[in-house]
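Those sequence lines, one after another, are chains X and L.
In terms of the numbering used here, the first sequence opens at residue 1 and continues consecutively.
In terms of the numbering used here, the second sequence opens at residue 1 and continues consecutively.
No lab work stands behind these hints, which were simulated from the structure alone.
A few of these clues could be false.
Unchecked claim - Pair ranges (Cβ atoms, derived):
1. L:Q81 / X:S69: 36 to 46 Å
2. L:P82 / X:T20: 31 to 41 Å
3. X:S110 / L:T10: 22 to 32 Å
4. X:M41 / L:D17: 24 to 34 Å
5. X:S110 / L:Q45: 32 to 42 Å
6. X:A52 / L:T10: 19 to 29 Å
Claimed, not checked - Straight-line C-alpha distance at most 35 Å; calculated DSBU-like pairs for lysine-lysine:
7. X:K14 / L:K68
8. X:K14 / X:K57
9. X:K57 / L:K71
10. L:K68 / L:K42
11. L:K68 / X:K44
12. X:K44 / X:K57
13. X:K57 / L:K42
14. L:K56 / X:K44
15. L:K71 / X:K44
16. L:K56 / L:K71
17. L:K56 / L:K68
18. X:K14 / X:K44
19. L:K42 / L:K56
20. X:K14 / L:K71
21. X:K9 / L:K42
22. X:K57 / L:K56
23. L:K42 / L:K71
24. X:K57 / X:K9
25. X:K44 / X:K9
26. L:K42 / X:K44
As the structure is a computational prediction, the values presented were derived from the model and not from experiment.
Don't be surprised by glycine CBs; every beta carbon is placed ideally from N, CA and C.
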Amino acid sequence: NAGVTQTPKFRILKIGQSMTLQCTQDMNHNYMYWYRQDPGMGLKLIYYSVGAGITDKGEVPNGYNVSRSTTEDFPLRLELAAPSQTSVYFCASSYSQGLNPYFGAGTRLSVL
Amino acid sequence: GESVGLHLPTLSVQEGDNSIINCAYSNSASDYFIWYKQESGKGPQFIIDIRSNMDKRQGQRVTVLLNKTVKHLSLQIAATQPGDSAVYFCAAFEADTGRRALTFGSGTRLQVQP
């Protein structure tokens, strides 16, 4: 059972480049989340989804986009990378709102 | 909005001692709380959770206490071991914002001295 899988694990981008962070889960969870974690800080919610076809903004959505075409996948898109988006990105999923989310191992992104 | 914060950024304890990590929250509508452990280079790992209709919950070597009157949460780790060294986060679900996701505190680093 793979759980929550994130790819890539590391990535360096130049300012203005775009990329997609992949997240997939094999637990048939309805809820999926994207968080970012800056050094020495807690996790901040970027976007979340309560099911296929439904997404909603979190605390810090600017500069990001998401889609949820299937239950398993929840990709995060950066269109014009900026240095402020240098962070570690975590994807998580849960079966319902009231249950603890399982987290992936993270994607470490540097924008230079 | 929710503010979930921690009293101390770093806690240093001797191996074998008990550790207490504290967390304050501001939204009285928060109804579900989770403690996570995060080791260097890894994602948060679930430790224990508690719902707002409970005051205390125990797991293996860990206990979470919830005081809704003062909006305070604590994590107690018994007989702290070197493997407990990590950053610990509290997180809360807010029932009144419509946002069905956790809000995290900034974390406390636990250092276990041999």
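Of the hints stated earlier, which fail here?
Hints 5, 6, 7, 20 not satisfied by this model.
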